[in-house]
Amino acid sequence: MVSSFFQENEFFLDQSRCIGCQACVQACGECDTHRGHAMIHLEYIDRPTGVQTAPVVCMHCEDPTCAKVCPADAIKQDDDGIVHSAAKPRCVSCSNCVIACPFGVPKMNQGYELMMKCDMCYDRTSVGKKPMCATVCPSDALFFGKREEIERIRQEKPVNEFQFGMQTVKTKVNMMTAPEADNVPVDISDFMAGSTFQLPQSRSGAPDAALSAVFELPEIVRLAKDQPVEELHV
Amino acid sequence: MAKLSLPEESYADQFGPHLNYQPEDGWDTREPDKLVDTHCCFCGVQCGVTLKVKENKVIGFEPREDFPVNKGKLCPKGVKRYLQNEHPDRLKSPLVADSITGFRKASWDEAYSKTADEIKRIQEKYGKDAFAFLGGASMTNEKAYLNGKFARVALQTANIDYNGRLCMVSAGAANKIAFGIDRAANPWSDIPKAKTIILAGTNLAECFPVLTQYIWQARDNGAKIIVIDPRITPIARTADLFLPVKPGRDSALANGILHQLIKNDWIDQDYLDNHTDGWDEVAATVEKFTPEYTEKITGVPAASVVKAGELWGPVDTSMLLHARGIEHHTKGVENVLSYMNLVLATGRIGKEGCGYGSITGQGNGQGGREHGQRCNQLPGGRDINNKEHREHIAKIWGVEEQSLPYEGLTACEIIDAIEEGKIKGLLSISFNPLVSIPDSDRTRKALEKLEFFGCIDFFMNETARYADVVLAGSLQEEDEGTVTTGEGRCVKLNQSVTPPGDAKTDWQIICDLAARLGKKDYFDYTNTGQIFEELARASAGGVNDYSGMTWERIEQEQGVFWPCPSPSHPGTPRLFEDKKFYHPNGRAKMKGFDYRPPAEDVCEEYPIMYTTGRVVSQYLSGTQTRRIGSLVDQYPEPLCEMHPMLAEQLGIKDGDTVKVSSRRGSIILPAQVVQTIRPDTVFIPYHWADKKAANQLTNRKLDPISKIPEFKICACKVEKLEDAPTKFIPLAGQIAGKPPSAPVKFYPKPPERFANS
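Here the protein sequences line up with chains A and B, keeping their order. The opening residue of the first sequence carries number 0 in numbering that gives the first Met the number 0; numbering runs sequentially from there. The opening residue of the second sequence carries number 0 in numbering that gives the first Met the number 0; numbering runs sequentially from there.
Keep in mind the hints are simulated off the structure, nothing from the lab. No residue lacks a Cβ here, since even glycine has one placed at the ideal position from N, Cα and C. Don't take every hint at face value.
Distance condition first, Cα-Cα at most 27 Å in a straight line; then the derived BS3-like pairs of lysine-lysine [stated by the list, open to error]: (1) B:K70 with A:K145; (2) A:K128 with B:K70; (3) B:K56 with A:K156; (4) B:K33 with A:K128; (5) A:K156 with B:K194; (6) A:K156 with B:K350; (7) A:K145 with B:K192; (8) A:K128 with B:K56; (9) A:K128 with B:K53; (10) B:K306 with B:K194; (11) B:K350 with B:K192.
Just a few of them, taken from the derived set where beta-carbon distance is under 7 Å, the chain A residues facing chain B [said to hold, decoys possible]: (12) G19; (13) A22; (14) T32; (15) H40; (16) I44; (17) V50; (18) A53; (19) V55; (20) D139; (21) R151; (22) K156; (23) V158.
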C-alpha cells in the first residue's frame, strides 16, 4: 500500500533545466544511508558542442527491468514503488541489471561487488522528507512535490510512459516533456548510423536558442579569421 | 618579509591545500547534538542552510527550506561547505615565520607583541600611512565595520581597502553616480514578474546557481531572456536571444540597444523629463550606434542588436541583472551606467517586476562595502572626505574629527605602493592577493619588499606564506554576525562551533591588537552583538541606514532590507517606489559614454583576447574550496577554453597542453576545445594559485573611477606545447588525505644551513 506521502508527492525530472552544477550529485552522497556515495550521475550530452547536461536518477519503473533480469533476485521493489539497490547478501555482481536498464541507471560498485542505485533517498522519503537531490537542485530540473503544483507552474507536461521499441515502460518518476506528447518514444534505431531522425531543436517552454552555431555566423567568422586587428580601429 | 625561505611545495606540503573528502569521524556516527540554522559562507545569495553539529564539530548539513530565498536549494559548494570545518589544514594557533621550517607555532602573546611592535616601528619610522590594512568582503558586516574602525582609530592609516575592490566596486560606483545609493533596486522576488530579462556579463547558473530558478520561473511566465556573454554559459544555453559580445565592448552594445529604443520610440519621455537628468546628452551619444556600427565594434550581429531592442523596448516589466562580465574593465563604471540607461530610458524601475540587480560575487559583497572598510568610506556609506560625515562618526567612536585619516589608496594601489616602497607594512584578513590580483608576478615582488606582513586567516592561503606572523582567525561558522545579501537583505549568521585549538574569532584578534596599540577603550567589546549595535547606531542618518534593525528582528523576519531607519520601519525591499532618487534634487543622473577600447587590445604579437571567470565548484581564490575533495574532483584544474576554429588555426586538439602568454606572464595548461566560446577569445578560470594562476597574465590597469582592474580582457597568444612531458601537470600540494605529522619535507633539498648542522 503506497504511503500517503507518496500518494501526494511525486518526482518530476526536467533535464532541459539542468545547469550541470552537480549539486544533486554532491548532495546525494550526503544522504545518511548513502554515506559519501552518490547514487545518481550527471553527464554532459556533448561538451565539445554545447553545455547541456543531464542528471540521471532512477526512474523507479512500475515493472522494473533490472529486477526482472536479476538471476539472484537481489533487486526489490517496496510498497511505495521504490526500486532499491541490490541486496548485499544476494547480489552476485553480474551486471545484468546495469546492461538491461533502459535508462542506464544502475552502476556496479566494483569495490563492494554490489549494484548500487538511486533509492529516492528512502531514508528521507519514508519519513516524509523530500529526496536530497530534488531539495537542493537550484534550477528545479529535479522537482519533488504535488502534481497540481507542477501543472500550475510549468508549461511542460509530466509524462511517465516511455516507448522503447516494442517495450512500454511505466515509471514512478515523471519526465517533463512537450505539452502535445503523451509518452516519450525512444527507438534505438533513431540514433544508429544512417538514421534520418533528428531531435527537435527547440520546444515551447524551454527554448534552446543559444546553440553554438551562433559562433559560425559569417560576421563572427570574418572577424575571427580575417581581420582580428584591423577591425578594432573603428 | 623577504623571499620565501622554503620552496612553495614545502608550504603546500605543510599547510595544504589538502583534500578533505569526509567528516572527521567518518560517515557512520552522524547523529548530531544540535542543528544550527545559518547561511552558506559563499556568494551573495547567502542561501539558508542548517549545519549539523556534534561535539563542537560541524559534521554535515541539512537543507533549510524555511528561508524564503533558496527554500532548501543549494549549489555544490553549499552542499559541501561543511567540510571546511575540522579540516586538517585548519590553522589552530598563531604562527611566526621561521627560516628553517617556514613557520613555527607561537603563543598569542608573542604573535601580538611582534605584530604591534612592528606596526609601531614602521609607523614611527615612515609615517602612519606606511602601514596598510586589507580586508575582505566575505566577512560579516560587524567585521567590516571593525576593520574600518581599527584602521582609522588604532592604526590611524588612510590606507585601508578590501577585496571587494576586485569585485563589486564598478557596480557600486555606478549605482552611486546614477541613483545616489549603492544597492540592487529590487528583491529577487521581482525577477519572475519581469517580461524581459537582460543578463549582462553574468554566468548566473555557475556563480549564483540558486537564482536560476527565479529566471526560469520568469520564463515559465512567458518572459524573454537575453544573455550577453562571450561564452555560451549554462544559463545562455536557454536564452531566447544570445548576444556573443567581444570582451571589452559592453558599453558599445548597450549604446546600440538604446539606439534601437530611441529609433522605435520605446522610451518613456515623461519619466525622463520628470525624474532624470542628462538624457539629451545620452541620446546624442548613442545616435551613431546604428546596428551596423555596433556590430563592427562588438562582434554581435546587427540583426541581434535590433532583436534585443525589440525584446526590451515595448514590454511592461523588465529586469537588468549584471555582474563582473561588464564590471571587470577599465571602463567598468561606464559599462554599468550604459546598461542602466536602458532601465531609466524606459522608466521601468521602482515598480513590481521592474528594476536592476547586481550579482554579488562575494558572500558579503553588499554589506562588506557599506560599513567603512573601503578607503573612501565611513560607516553608513558615508564619505570620508566630508566634514559633516567625519564629525558624525568621530562622535560615535569618541575621537577627534581631525584624528581621522582622509581617503587612502585602493587595494591594487596599495600593492603598487608596496612595490614602489611607499608602504612598508601590511596587515591583511581574508584576502589572498597573490591569487586574486592581476599580474601575480608583480604582487609577489611587492610581498617580498614588505618589512612586515601580518595575516589573519583560518587557512594558510598562498599570500600568507609571505607573512611574518599568521594569526589563526575564524571560519564563518565559528562566529556570529550579519551579512547583507545581493538583494540588500541583512541576514543573521549563527555560531555553530567555537574556533578549534588556540584559534580565536577574527573580531577578538582585531580588538586584542587594538589594545596592544594602546586603543583598548575604543574596542572594548565583549560580544559581536555590541559591534552590531554600534554599527547600527553609526549608520543612522546615512544612506545605508541599519538603525532600525536588531539581531532579533533580522532573525524573526528572515532578514531586513536596508534602508531601515527606525524599529517600526518595515525595511525597503524595493527602492525608488516613490520615483525619488537619493540625489539632492531627487532625480536620477544619466550619463552617456562613447566607446573606448580596453587598456590592452589584441595586436600582431598577442592576437587573441584573454578573459577569466569562475566555475561552479570553486569560490574566488579557492582558499576554502580547493581544500574540499569532491569539489576539486568536479573541476580539478584550470583548462583553456577555445573554439575549434581557433584550435585548428593553432594546430591544437582537445586535451593538448598549451602555453598561453601575455606581456606579463604565461601559464601552461590543457586545452578544452569547445564550440561554446567566441573564436577570437580564450577563457581560463581564476581559482588556482602559483603556476596555475590565471592572474599571471591579466592586466592590472584600473578603472579611473572604481579602481577595479581589467580582469576580463587582455591580449594573449596561445601555442601548443609540443614536448609537454605529460598532459597533467600536478598542482603543488594537492595531495589527498591529511598532512604528514612527520617532520617537514623539503623540496627539492633542505636549505644549506640546515643540511650542514
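Now for the hints, and whether the structure bears them out:
no.	hint	result
1	B:K70 with A:K145	16 Å, holds
2	A:K128 with B:K70	14 Å, holds
3	B:K56 with A:K156	45 Å, violated
4	B:K33 with A:K128	19 Å, holds
5	A:K156 with B:K194	22 Å, holds
6	A:K156 with B:K350	33 Å, violated
7	A:K145 with B:K192	23 Å, holds
8	A:K128 with B:K56	25 Å, holds
9	A:K128 with B:K53	22 Å, holds
10	B:K306 with B:K194	15 Å, holds
11	B:K350 with B:K192	10 Å, holds
12	G19	6 Å, holds
13	A22	5 Å, holds
14	T32	10 Å, violated
15	H40	12 Å, violated
16	I44	11 Å, violated
17	V50	5 Å, holds
18	A53	12 Å, violated
19	V55	16 Å, violated
20	D139	5 Å, holds
21	R151	10 Å, violated
22	K156	13 Å, violated
23	V158	18 Å, violated
Hint compliance for this structure: hints 3, 6, 14, 15, 16, 18, 19, 21, 22 and 23 are broken, all remaining hints hold.
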